[in-house]
Structures are given as structure tokens and as C-alpha cells.
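Given chain V, put chain D in place with the hints provided.
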Amino acid sequence: SQQGEEDPQALSIQEGENATMNCSYKTSINNLQWYRQNSGRGLVHLILIRSNEREKHSGRLRVTLDTSKKSSSLLITASRAADTASYFCATDRSGGYQKVTFGIGTKLQVIP
Amino acid sequence: SAVISQKPSRDICQRGTSLTIQCQVDSQVTMMFWYRQQPGQSLTLIATANQGSEATYESGFVIDKFPISRPNLTFSTLTVSNMSPEDSSIYLCSVVLGGGGIREQYFGPGTRLTVT
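So the sequence lines, in the order shown, correspond to chains V and D.
Residues 1 to 112 in the working numbering are what the first sequence spells out, letter by letter.
Residues 1 to 116 in the working numbering are what the second sequence spells out, letter by letter.
Next comes chain V alone, as it looks inside the complex (with noise of 0.2 Å):
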């Protein structure tokens, strides 16, 4: 079964509009990285946050983790149509390195 599993699996929001995005785990994990992936292309590395870490920032992107949880949530701030995309959360397990396991992910669809 997938490690992670990302909620909504669809979302459609109007650009300027702010986009969350929740991913679920159920083993502890080191890290927890978030994708983007562009109709059918490959991905690209959006950010990574350590299990030690709550909260983490770049650019509009602010991802949080909750280890008590076992969840993580992407925000997109100030969307824009060209944020369209899918968005896969992937972890590895703690305790050495793991084969990094991706969620099913969420389509984001920013309405112009």
C-alpha cells in the first residue's frame, strides 16, 4: 500500500486563491519531500522537511509536518494558472535509507 496518501486527490481554485494540499503517512519517517509534476512530465523537487522540523518555507510554498500525526500539508499562497499541476508528497523511513515511497497525489487546477 502507498506510504503516503495526499487528500484532496482533486482540487480547482481561482488564481490569487491560496491551495492546500494534505498528505498522511503511517510509518515514522526521516524525511518528507513534496513534487510537482506538470501534465505527464517528470517531477520536479519542490521541497524536503526533515522529521525534526515543523514548519518550512520557500518562495509561496510553506509545508508543515506533524510527526505526531504522521501528516504533512503544502500550502500554495497567491496560486497563479501556471501552478496547474499534480503534487505528490513521497517519504523515506527512518532507520537508514529507504526507497522513497510517493502518495497518489493531488490534482491542482488553477482557474484564470
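Keep in mind the hints are simulated off the structure, nothing from the lab.
Some hints here could point you the wrong way.
[Stated by the list, open to error] Going by beta-carbon spacing under 10 Å, a handful of chain V positions derived as facing chain D:
1. Lys26
2. Gln37
3. Val44
4. Gln109
5. Pro112
Each residue gets a CB set at the ideal place from its N, CA and C atoms; glycine is no exception.
Frame of chain V; chain D shown alone:
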């Protein structure tokens, strides 16, 4: 970060044939990974390819179907053998950079394969 290129970017192949996908990284990396993303799905790890050793395959994937080469620290190939329409997917190579508990994973642009 890493710059990863893949060839071909896309291909349409007939069933029963084989396709070899190349992955080139702009820096030396120990671990390279091959993923498959079927239409509308998430990424599934096919195998881990370390230089100088046999690739390690995940459950459901076998070497006869997906032979992998890793001749050096910047290059790898994945072959999709005896293709069927079910192999139609995006195939992505990936590398991990970093250490000391911070390992960032980067992906190539993908190879979109359609099998007819």
C-alpha cells in the same frame, strides 16, 4: 540539485519489441532508481541500480522484463522487454543526493512509452 536527462523523451512501440531508455546525470551518484508511472497513477519503484552491482528489483518486477545497466556513476539504462500495451507508462529515472539524514531525490523528465 542534479540535472538529469533521459532519452528518448517519448516513443510509440509495437508489442513484442523492446525499448532501451537512457538516463544521464550531471554528477556522480551512487544510487539511481527507475520508476514507472502508469496513466493517472502514482510512481512505482521498479528497481534500484547501484554501480558495480546487480540491480535490486521491487516485488512484481523482474530482470528478464526490465534489465538494467549501470556502467558508471553518471549513467544507467532501463530496457522494457517484450512489450505489451500494459507497459504503456511514463518511465522516470531518479537519483538521490545528500547524506547525513538529508537525502533529496531528483527525477529526470521521463520517457513516455506507448505500446500498440
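- [ ] Please name the hints from earlier in the document that this structure breaks, with their numbers sorted from lowest to highest.
- [x] 1, 4, 5
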